[in-house]
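Work out the full structure, taking the sequences as your base and the hints as a guide.
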Amino acid sequence: MSEQRERPEPEPIRFYGTTWVDHSGGYPLRRIALAFGALLLAAAGAYALRLAYEGTAIARTGDLVSTLLVVAFAVCSSMAFARTLGDYTRDPDDVRAPDPSMRTVKAIGFIGVLLAYALRSLVEAPGEKRLRAEYDRAVERYERRAAGRASRRGNPAARRGAKPRSGRRR
Numbered sequence: 000m001s002e003q004r005e006r007p008e009p010e011p012i013r014f015y016g017t018t019w020v021d022h023s024g025g026y027p028l029r030r031i032a033l034a035f036g037a038l039l040l041a042a043a044g045a046y047a048l049r050l051a052y053e054g055t056a057i058a059r060t061g062d063l064v065s066t067l068l069v070v071a072f073a074v075c076s077s078m079a080f081a082r083t084l085g086d087y088t089r090d091p092d093d094v095r096a097p098d099p100s101m102r103t104v105k106a107i108g109f110i111g112v113l114l115a116y117a118l119r120s121l122v123e124a125p126g127e128k129r130l131r132a133e134y135d136r137a138v139e140r141y142e143r144r145a146a147g148r149a150s151r152r153g154n155p156a157a158r159r160g161a162k163p164r165s166g167r168r169r
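So for the sequence shown, numbering that gives the first Met the number 0 puts the first residue at 0; every next one is plus one.
Hints in this document: simulated from the structure, not taken from any laboratory.
Where a beta carbon is used, it is the ideal one built from N, C-alpha and C, also for glycine.
Hints may be right or wrong, so weigh each one.
Unchecked claim - The calculated label-pair distances, taken between Cβ atoms and stated as ranges, are:
1) L38 to A106: 16 to 24 Å
2) T17 to L38: 20 to 28 Å
3) G25 to R143: 32 to 40 Å
What the hints assert, rightly or not - Straight line, CA to CA, 16 Å or less: simulated EDC-like cross-link-like pairs of lysine to aspartate or glutamate:
4) K128 to D62
5) K128 to D90
6) K105 to D86
7) K128 to E10
8) K128 to D86
What follows is the structure, given as structure tokens:
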């Protein structure tokens with residue numbers, strides 16, 4: 000017996016679940032709230048970095064250390080922003096392995112990650128484009144298989160358009 004496959008289920012997105020498929024369950028409001036929350040967290044993170052910078056000034060570490068601290072956070076934030084936004088908007092067919100060395104950069108440049116999340120949330124759920132393409136392909140494959148199974152059921156000779164066999168009969 001052939002096994003009957005179930006219709007593919009969409010993969011949930013953090014904070015959105017599967018509401019991204021049909022944009023139900025307060026999806027637009029949730030997107031706006033999460034974008035605003037990410038902006039608030041980025042502002043709080045910037046304030047924490049300001050306190051860290053003031054701590055180096057109080058410690059009198061010197062201008063070089065203070066400058067290196069600011070440059071390191073600025074570079075890491077810009078790299079994390081570009082990489083995160085690229086991950087959200089990349090083509091679903093582009094299968095790029097996650098780079099473990101970027102984890103540290105993203106941790107240091109967390110403000111860039113939060114800003115990329117907020118920016119993408121204003122357009123759609125972060126990662127929705129990629130997941131929608133994967134889900135649509137899975138549904139299409141399922142429907143093609145289901146149509147193929149439906150056309151193969153029953154007696155092949157009784158199908159519409161089947162011609163009687165010519166030649167001798169047994």
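- K105 and D86: Cα distance at most 16 Å? holds, 12 Å
- Message: Does D62 sit within 16 Å of K128, going by the straight-line distance between their CA atoms?
- Response: The given pair, whose Cα atoms are some 45 Å apart, is violated under the 16 Å limit.
- Message: Next pair to validate is K128 with D86; report whether the Cα-Cα distance is within 16 Å.
- Response: Given that 16 Å is the threshold and the Cα spacing comes to 10 Å, the pair holds.
- Message: Range first: 16 to 24 Å. Now tell me if the beta carbons of L38 and A106 are that far apart.
- Response: holds, 19 Å
- Message: Check the hint pairing K128 with D90 against an upper bound of 16 Å on the C-alpha distance.
- Response: OK: K128 and D90 at ~8 Å, within 16 Å.
- Item | Verdict for T17, L38 (Cβ pair) under range 20 to 28 Å | holds, 26 Å
- CB-CB spacing for R143 and G25 relative to the 32 to 40 Å hint: Given range 32 to 40 Å: holds, Cβ gap about 34 Å.
- Item | K128 paired with E10 [C-alpha distance capped at 16 Å] | The given pair, whose Cα atoms are some 12 Å apart, holds under the 16 Å limit.
The structure fails to meet hint 4 from the earlier list, while all remaining hints are met.
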